[in-house]
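Colleague: Sequence:
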Amino acid sequence: MSFTTYEAWPSNFFVSGADWLTAPRRNKENPRSCPNFACLSFSDMQSLVDYDSSSDEDDQPAPSLPPLPSFFSRIQEPSRSPLEQDVDHQGRIRSVPAAKDSWPTHVYIRVPVSEELRQITDHCCRSEKLVHSNLPENYLHVSLSRCLYLKRDQLDTFADAVRQAVSLYSTFQLAFAQISVLTNEQQTRSFVTAEVGAGYNELESLLAPIDSIVQRFGHAKFYQPPRFHVSVAWCLQREPLDRMALPTDLIENITYVRHTVKEVVIKMGHLISTAPLHSSKH
Numbered sequence: 083m084s085f086t087t088y089e090a091w092p093s094n095f096f097v098s099g100a101d102w103l104t105a106p107r108r109n110k111e112n113p114r115s116c117p118n119f120a121c122l123s124f125s126d127m128q129s130l131v132d133y134d135s136s137s138d139e140d141d142q143p144a145p146s147l148p149p150l151p152s153f154f155s156r157i158q159e160p161s162r163s164p165l166e167q168d169v170d171h172q173g174r175i176r177s178v179p180a181a182k183d184s185w186p187t188h189v190y191i192r193v194p195v196s197e198e199l200r201q202i203t204d205h206c207c208r209s210e211k212l213v214h215s216n217l218p219e220n221y222l223h224v225s226l227s228r229c230l231y232l233k234r235d236q237l238d239t240f241a242d243a244v245r246q247a248v249s250l251y252s253t254f255q256l257a258f259a260q261i262s263v264l265t266n267e268q269q270t271r272s273f274v275t276a277e278v279g280a281g282y283n284e285l286e287s288l289l290a291p292i293d294s295i296v297q298r299f300g301h302a303k304f305y306q307p308p309r310f311h312v313s314v315a316w317c318l319q320r321e322p323l324d325r326m327a328l329p330t331d332l333i334e335n336i337t338y339v340r341h342t343v344k345e346v347v348i349k350m351g352h353l354i355s356t357a358p359l360h361s362s363k364h
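Just so we're aligned, residue 83 is where the sequence shown starts under the working numbering, counting upward by one.
Keep in mind that the hints are not guaranteed to be accurate.
To be verified - Distance windows between CB atoms, simulated:
id, residue 1, residue 2, range
1, Arg234, Pro307, 28 to 36 Å
2, Thr270, Gln246, 34 to 42 Å
3, Lys182, Ser215, 13 to 21 Å
Read the hints as simulated data drawn from the structure, not as lab findings. All C-beta atoms in this analysis are idealised placements derived from N, C-alpha and C, irrespective of residue type, glycine included.
Take the sequences, apply the hints, and build the full model.
Modeller: Okay, structure coming up:
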């Protein structure tokens, strides 16, 4: 997987990845202390994501398109049948046709929906009627795997392997560092996302054994380099996002919210299993 990124952040503002905490920060009491940078245009922070075609993403517009990670959409609601039709609502088409005994499986971190993320989503949806919220009631997902399809007799073995692997890792703190706009190669669907800053290294460490397990089951490992993030809003076209601007106050607010990660979630169709991390308390 490769990325083509158009970066608009000033060098003394937000930085992506695990190094964001070391960057000079604006004065919290004077959030507009960064001159001439009170509002960011989404077109300025547009990022083009080029994922390889081996993904089993559920939201792929055409078979040949490189898809986005599966956590950008809801693969399967609990009430849905594995044999539901391939054409979904909102014009989406399944990249993998529905098949009997084929369980869409995800491994991810669950992050509570904060008021700060809701404010960003509300701003986006108010600014453009074509932009839609992607916020569930309670939790967002930071994915640690692609969407992979398992057989029923593989589910317990897969879940047990993940639980055993992640039990060796300690709980940690996670925070978001910046807002990015990600789109697929042909610009048919775009997403407003919050990227992980603090906690990135821990997520990357967790990813290694999960990748190994996924490959043992005959599936492709996660995208490289990983960009851990959650999706808070989406739009079928990029243009509405290009027209919008997001106040920097809203962006900075998300960096002060810490989430404690205590477990990894394994979702297999409508079945959900958790894999606790090792408690860091002695």
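Colleague: Evaluate each hint against the coordinates.
Modeller: Consistency of the hints with the structure:
no.: 1; hint: Arg234 <-> Pro307: 28 to 36 Å; in the structure: holds (34 Å)
no.: 2; hint: Thr270 <-> Gln246: 34 to 42 Å; in the structure: holds (40 Å)
no.: 3; hint: Lys182 <-> Ser215: 13 to 21 Å; in the structure: violated (34 Å)
Checked against the numbered hints above, the structure violates only hint 3.
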